[in-house]
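*Asks:* As a plain string of letters, each chain reads:
There are 2 protein chains.
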Amino acid sequence: MKQKLSVIKIGGNVIENKVELSKFLQLFAGLDGLKILVHGGGKLATQLATKLGVESKMVGGRRITDAETLEVITMVYAGLTNKSIVAQLQANDCNAIGLSGADGNVIQAHKRPVKKIDFGFVGDIDSVNSTMLTKLLDTGLTPVFCAMTHDGNGQLLNTNADTIASELAIGMSELYETTLYYCFEKKGVLMDVADDDSVVEHIDLGTYQRLLKDNIIADGMLPKLENCFHALNKNVSKVCIGHPAMLYSENELFTTITL
Amino acid sequence: MKQKLSVIKIGGNVIENKVELSKFLQLFAGLDGLKILVHGGGKLATQLATKLGVESKMVGGRRITDAETLEVITMVYAGLTNKSIVAQLQANDCNAIGLSGADGNVIQAHKRPVKKIDFGFVGDIDSVNSTMLTKLLDTGLTPVFCAMTHDGNGQLLNTNADTIASELAIGMSELYETTLYYCFEKKGVLMDVADDDSVVEHIDLGTYQRLLKDNIIADGMLPKLENCFHALNKNVSKVCIGHPAMLYSENELFTTITL
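Residue numbers (our numbering), protein chains in the order written: chain A, 108 to 366; chain B, 108 to 366.
Be aware that a few hints might be false.
One copy or two, it doesn't matter: identical chains are merged, so the pair holds either way.
DSS-like cross-link-like pairs, simulated, lysine-lysine; straight-line CA separation at most 27 Å [as the list claims (entries may be wrong)]:
1) LYS125 to LYS158
2) LYS223 to LYS125
3) LYS218 to LYS125
4) LYS164 to LYS130
5) LYS242 to LYS111
6) LYS111 to LYS223
7) LYS242 to LYS223
8) LYS218 to LYS130
9) LYS242 to LYS109
Hints in this document: simulated from the structure, not taken from any laboratory.
Next up, chain A with everything else stripped away, as it sits in the complex:
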C-alpha cells in the first residue's frame, strides 16, 4: 500500500496576516504524516514593487513578469516569505526546507510562449522530480515551496502557486497516495457566495456539471476547480478546498472533490 502524502497550498491572505500565519504554521507543524507546503505571496510582492517603482501589471489575475518584476518576486517569494515560514516551522519542531523549483532541480518549466499576451518570465511546468522529493521526504524533511520554477538553462520563472501544488500532487501520486488541499479564507465552494456557511460538502464530476450549468460556480473558483479535476484525472486521490482549519479540526465544513 502506498504511503499517504498531503500537498497543502496556502494563499496570500493567510501569509499576509502575521498572526494567522503563525497560528497556521504551528498547526501545520503538528499534522501527522508526510506533507509538502506550497505558498503564494502575491500582495507582498506588489507592495515591494510599488516601493521600488516597478509597475505591477495583472491580466486575468495573473502577473505579467518582466525582468524587474522577476527580481522582486524572487526576493519576496523565495527570500522573505519562504525563509520566514521555514524558520517558524523549525521553531515548531518541523524540519522544513525551503525550495524553489531550481533547488535540487525539483520542478522544471518552460517560459510560456507568447500568444495574445506576453506574460514574460512565467513558467508552465514540464516535470516534477519525484525521485529527489522522495529522498528529501525520506530524510525527514518537509519541503516548503515558493511559487517559482526554472527552465534548466539558468532562468528562474514565476509559476502560479495553485498550479505548483497540483503538479506536485500529480507528480508524487505514482509513489504516494496523494491528497491536495487548497486553503483559503472561505470554508469551501459555496452555493451562495454571500453565505459563508453554504458549503457544498462533496463535488464529483456529476455535481460539477450541474453547478456549472446552474451558474453556481463563481469566476474565481472556475480555474481552481479545473485544476482540481485535472489533478484527480492524473491520479491524485482527493482534493479538498476550504479554510486551513479543515486540516486540524474535525467539526469544520469544507469541500471534498473526487471524480
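Dock chain B against the given chain A, drawing on the hints supplied.
*Replies:* Chain B only, in chain A's frame:
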C-alpha cells in the same frame, strides 16, 4: 580514509559582476568531488536598502541589522542572489540546493549579546548539522549557502559569510577531509599590498607570527587569517586564500595556510 570535501566561499565582488559570476559558476560546477558553496552579497543589499530608504549602518565592516535591514538581506541573500546562483549551477549540470541555516536546521546560531555595540539581528553560530548536510551530499546535492542562520525559535539572523564557511568546514571535518577556500579579488595574502603578484604562497603559524610582527598583514586580512587558524585548530585540513582561478588553474599563485 575520509572523503574529501571543499568548502568554497566567494565574496561580494564576484557576485556583483554578472559576467564574472557566470564564469565562476560554470567552472565551480565542473570541479570534481564533494563541495559546498558559501556566498556573500553585501553591496546588493546596501543598494536595495538605499532604494527602500533603509539606512545601512556599518561598524568595523559589519552590518548593524535592525528588523528592516534583516528583511532586506533576507530578500537579497536568500532570495535574489541565492536562487540566481542555484539556477545557473543547474544550467551547468550541478545539482545545487540553496540553503539558509534555517533550511533543514543546518546552522543554528544565537543573537549576538549586546555589549558595546548592539549589532541587532546578527547571529553567532552554535552548531552545524553535519548529519543533515551529509545526507544532502549523499543525495548528490551541492549545498549553496547564503549568509543567514536562525536561532531555532523562529528568528532569522544575519551571519558573516566568512564565518559560515569556516564553521561549515569545521563542522564537517569530523566526517570529511575538509579544505576551506576563501576566494576574493586578490591572488592571496600579499607581501606588498601595492603589488598583486607578491603572494605569500605558504603561511604556517611561524610565518604568521613573523608577518604579524613585521606588520605585513593588512587590516582587512587580519580577521580572515584569524578565521583560518581557528579552522585549522579545529581539524580543517587546509585553508587556501586567493582568486577563484586557484580552484581550476594549475598555474595560479595563491596562499596556502596550514598549522
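*Asks:* Hint by hint, note whether the structure agrees.
*Replies:* Here's how the hints hold up against the structure:
For the homomeric pair LYS125 and LYS158, the shortest alpha-carbon distances inside one copy (20 Å) and between copies (25 Å) are both at most 27 Å. Within a single copy, LYS223 and LYS125 get their C-alpha atoms no closer than 38 Å, and across copies no closer than 33 Å, so neither meets the 27 Å cut-off. When the C-alpha separation of LYS218 and LYS125 is checked against a cutoff of 27 Å, the pair qualifies only between copies, where the shortest distance is 22 Å, while the shortest distance within a copy is 33 Å. Neither within a single protomer nor between protomers do LYS164 and LYS130 lie at most 27 Å apart by alpha-carbon distance, with minima of 32 Å and 34 Å respectively.
Taking the shortest Cα distances, LYS242 and LYS111 sit within 27 Å of each other both inside one copy (15 Å) and across copies (23 Å). Proximity of LYS111 and LYS223 under a CA criterion of 27 Å is satisfied in neither setting, with 41 Å inside one chain copy and 53 Å between copies. Taking CA atoms no more than 27 Å apart as the test, LYS242 paired with LYS223 passes in neither setting, with 40 Å inside one copy and 46 Å between copies. Taking the shortest Cα distances, LYS218 and LYS130 sit within 27 Å of each other only across copies (24 Å), while inside one copy they are farther apart (36 Å).
Taking CA atoms no more than 27 Å apart as the test, LYS242 paired with LYS109 passes in both settings, with 16 Å inside one copy and 24 Å between copies.
Hint compliance for this structure: hints 2, 4, 6, 7 are broken, all remaining hints hold.
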